[in-house]
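Chains as they are written, first to last, in my numbering: chain C, 1 to 161; chain U, 1 to 666; chain F, 1 to 291.
Bear in mind the hints are in silico, worked out from the structure with no lab data behind them.
We treat Cβ as the ideally placed atom computed from N, Cα and C, and that holds for glycine.
Any given hint could be a false lead.
Listed next, the stretches of chain C that the computed footprint assigns to chain F, with coverage defined by at least 3 CB atoms under 8 Å from CB atoms of chain F [unchecked claim]:
| # | region |
| --- | --- |
| 1 | 28 to 40 |
| 2 | 65 to 72 |
| 3 | 89 to 97 |
| 4 | 136 to 143 |
| 5 | 147 to 155 |
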Amino acid sequence: MAKPNLESRKKILAKLKGKGLVNCFQCMKCTSGCTALKLLELKPNEIVKLVNLGFVDELPNSDIIWTCATCLKCVERCPQKASPYHIIMALRNLAVEKEAKVPEGFLKAVSQILETGLAEPPQKIVTRKMETVDRECLNLPKIRLPKESFQAALMKAMEEK
Amino acid sequence: MAKIGVYVCHCGLNIASVVDVEKVAEYAKTLPNVATAKHYTYMCSELGQKLIQKDIKTHKLDRIVIATCSPRMHEETFRKAVAEAGLNPYLAEIVNLREHVSWPHAHEPEKATEKAKALVRMGVARAQLLEPLEKHKVTVEKRVLVIGGGIAGIQASLDLANAGFKVYLVEKSPSIGGRMAQLDKTFPTLDCSACILTPKMVDVAKHENITLLTNAEVTGVNGFVGNYEVSILKKPRYIDEKKCVGCELCIKVCPVKVPDKFNENLIERRAVYIYSSHAVPKIAVISPEHCLRLKLDKDVCGKCQAACEAKAVDFKQKPEVVNVKVGGIIVAVGSEVFDATRMAELGYGRFKNVISNMEFERISDASGPTGGKIHSPKDGKTPKTIVFIQCVGSRDKRFHEYCCRVGCMVTLKQAILAREKIHENIRIYVCYIDLRAFGKGYDEFYTRAREMDIDFVAGVPSEIHEKADGSLYFDVYDKSTNKLVQINPDLVVLGTGLVPNRDLEKISALLHASRSSDGFLLEAHPKLRPLESAVAGVFLAGACQGPKDIPDTVAQASGAAAKAIDLLSTGEIEIEPLKAVIDKDLCSGCRICESICPFVAIEMKTEKVKGEEKLRAEVIEAVCQGCGACSSACPTSAIKIQQYGNRQILTQVDAGLAEACTEGGK
Amino acid sequence: MKVAVFWGCCIQANQYAYEMSLRETLPKFDIDLVDLRETFCCGDPVKSMNEFAATFLAARILALTHLTGLNNLLVPCNRCHFTISEAQDTIKKNPKIAKKVLGLLKEEGLEYNPNIKVWHTIDLLHDLVGLEKIKNAIKNPLKRVKIASHVGCQIIRYSDLGRVDNAENPKKFDELIAALGAESVEYPEKLDCCGAALNRSHPDSALSLAGSKLKAVQNLNVGGMVVSCPDCQLMFDAKQKEAGTTVGAKLSVPVVYYTQLLGLALGIDQKKLGLHLNQSPAEELVARIHG
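All chains, please: the whole structure from these sequences, using the hints.
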């Protein structure tokens, strides 16, 4: 028998701050049009219902919350102005807080940003004619990296719950 | 010296559980001029009323203060009781100890009791200055205006006419019948809509008590309950009504083709046309914005005039204004259908095979554009897969939050009709969110649909697409099976909901009738007074007050008619005396009161003052609502609201502050 | 007119053609781009880790814009534009978060300006510059070549936030293409997502989404596909071969930035527009236009 955890539900609702989660009446419009449904079996209506009923705890540990393509169709078309996208983002934040499994790609990006400011370093490109070019030889201006205070500020920001 | 009786009601536990009613009654005995003070469980009961009546005789009371629930509940009751004992009913005053004390201050019983005492003190002070007043009678017109000639207007008109009242039925279109005339069959009986409607339409046309004004609109409403003066604009048909026999020869020769609104723009009509196949009256009409001669204002075409053997075409016809006096008005203007182009993702307006439920209705109707054959509009062939999609424009915070109430039943009906009319074994799907079949025979109708192999998908699609070859496809997720169903429909019918008529803004302004937040006309009380607006003498019937089906519409229409009969049947109504009165000696004719009055209840009259002609303000008693705006604005203090004069109000203030708490400002 | 510009990570790390073509074309309409003092991530990947930190990063961009003294900021990337727009909305509506964010900025001596108008390439060109000006500046009209436009997701959704164009019927991008003398075609997959957001967690699915759309576009037999976002370009252009493998199709669709097409129509040299950097067969589209 599944038992709901209303404390976890309260936590998610607090994160959403006014974005109506509770209004969902399971019309299936979001899932019918979900970009990630066919390939990754993401069912936004299910995520919303699970959170609504308090079955939050299983979600941050699952892979399903990382399958959202963030196309925002569900937010645009929901007749009750519920927002599966925002709920999924809140669940991802919860997963990080709980130190659950987070995809490598995100962790790499964040550590790059803390180090250099950008999520990835400037790359060399190989053209169709097999020439290698970079920013400099394309006469593009030098990248202005952030000041020292940036790292500390961002780290402080990342500690906010 | 007044002799005041004070009665403190327990209201069961409603007041007594918070306020110490005994203490309040004891306190009342200490107040000046109070001859007797009592408390009782239910003052409004027969025993409670008898208590007051006995005391009036015994103690020779001439003022009564009843500390009880809101005057909105029992003010009339107590006034009647007091009148029966021989005292003027306006010498009884209600002090509200429930809505003003025990309910809002339920958690502070001590402070509540102190407040109750203060309110009673104020009531007693005011009671001494109450004046005896009389209700006035005003004669009323035993005639009723019905705006809108759909089934609601038709039903109300017939009920009123049969009861002996004269009715003016005004309809904007060239024919009565409204939405119901556009329907093929009605749920849940699958009665032919025209068959049950047209007899009533004919009855209306023939009834000696009904004056039918079609192609007409109400342009002005003045006056007050029982005495409305209404102007009606009869738009020109450009056809002489007395000569036209409805032979349709003119229509055959007209060269101009325009979209036919009655057939939901699925086919075209001519500039001269008869509104519908069952039109009442069956008289042609020319639309001036399409007719070449009228549009260009030149001597061109005129083919209809040449063809008409009855010589009924009259291009020079002018609009006519009809002024009538009526006692009451029933608003029955109906509603419109949601424009599904607003929900762009479903492709309505882009894809020919995506249609609205009204369009399906016209297609299904044997007298409609396809002769009753269900075809895909794109290629005219019989569809192999039909899909109905529910809640288009309804239950949607982007468009209309309410449920349209009829969408599910309309779709069930149309799905069943499709199954019955198409003899091949086609697939019929209904994509729904919640299926609502609430009325008499409605759930049985739903069972019937399921037994006819109509597939119900628990979910609605997000978007519909068209392939390069013109065929439609979409995915829909069914929550019961957790399957993403791919459907390739030949016909998609959108369950578009009912929305407020765009004329409601005009009507609302004309009649001062408010609208609710959903845009429909607002009833006086959602539970107990659903047939009338808050404006005295204006009644509501049908979908203009909220989306509803035919049984509810007919019920409401008959109810509204009964209300109108109730109001007007004695030929006179009583007016409450708590209105503004103007002392003409103090009035300077500045007209500030006239400009401020929200009910247009003040008019300026010319009077001879010391030999000179001067303007003086006068109150139209029957329209005045006693709001007091004029009284407070008058620079010469010439206006008093009966029973709410300056002295009467200020005495209360003084009494209230007499034992003011020194701990102010908490 | 001076307009501040925020490029973001994608454009500066590998989508050079977008920056090149913007820097070449905008001055023709009297728009001078002013770079910010610093460049850093707008917060898009950070959003999934900590939404507050993402709001902070976006606010920091607006604070740096304030330092330039300009009230207009061009953000050419769809995702950056969405992240910054949402941050503006959050700060406006949530005083608690606003206070914390502004406090953090203050510690660096930075001030948040709520009155900055955030533009994207599409509305900057369509609404600020205007179709007439663009039409009048064209030297080489594009000979009615048919184009499949891909406007993207985060630039048109969600409507309540206030986006650059209508979410179900975005016409501005098509009108910009038509202004060049080309023809933007309708096709059922027009509003489908490129899949870029899945690159960090499910890269194969990302490629599959891009590949499906490219396959559909290929079947339209048009001159090429035009995009306005570096993430979309990454998927459809740089990863076209991979996407093709994922969906089992041989893909050969020219995919270019709108500003590259604009540059061609204005008569600007191909190399300056970075057309040699496109991994898809852009030369086929150029040939159709010049040929």
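(Q) Three residues or more, CB to CB closer than 8 Å: is that satisfied between the region 136 to 143 of chain C and chain F? (A) Answer holds; 4 residues pass the 8 Å Cβ test.
(Q) Just to make sure I understand the rule, a stretch counts as covered if three or more of its residues have a C-beta closer than 8 Å to a C-beta of the chain. Does the region 28 to 40 of chain C meet that for chain F? (A) holds (count 4)
Q: Mind taking a look at whether chain F covers the region 147 to 155 of chain C? Criterion is 3 or more residues with CB to CB distance under 8 Å.
A: As far as the region 147 to 155 of chain C goes, the hint holds, because 5 residues have Cβ atoms under 8 Å from chain F.
Q: Count the residues of the region 89 to 97 of chain C whose CB lies closer than 8 Å to any CB of chain F, then report whether that count reaches three.
A: n = 5 at 8 Å, threshold three: holds.
Q) Count the residues of the region 65 to 72 of chain C with a beta-carbon closer than 8 Å to any beta-carbon of chain F: does the count reach three? A) Check passed, 7 qualifying residues.
When held up to the earlier numbered hints, the structure conflicts with none and fits them all.
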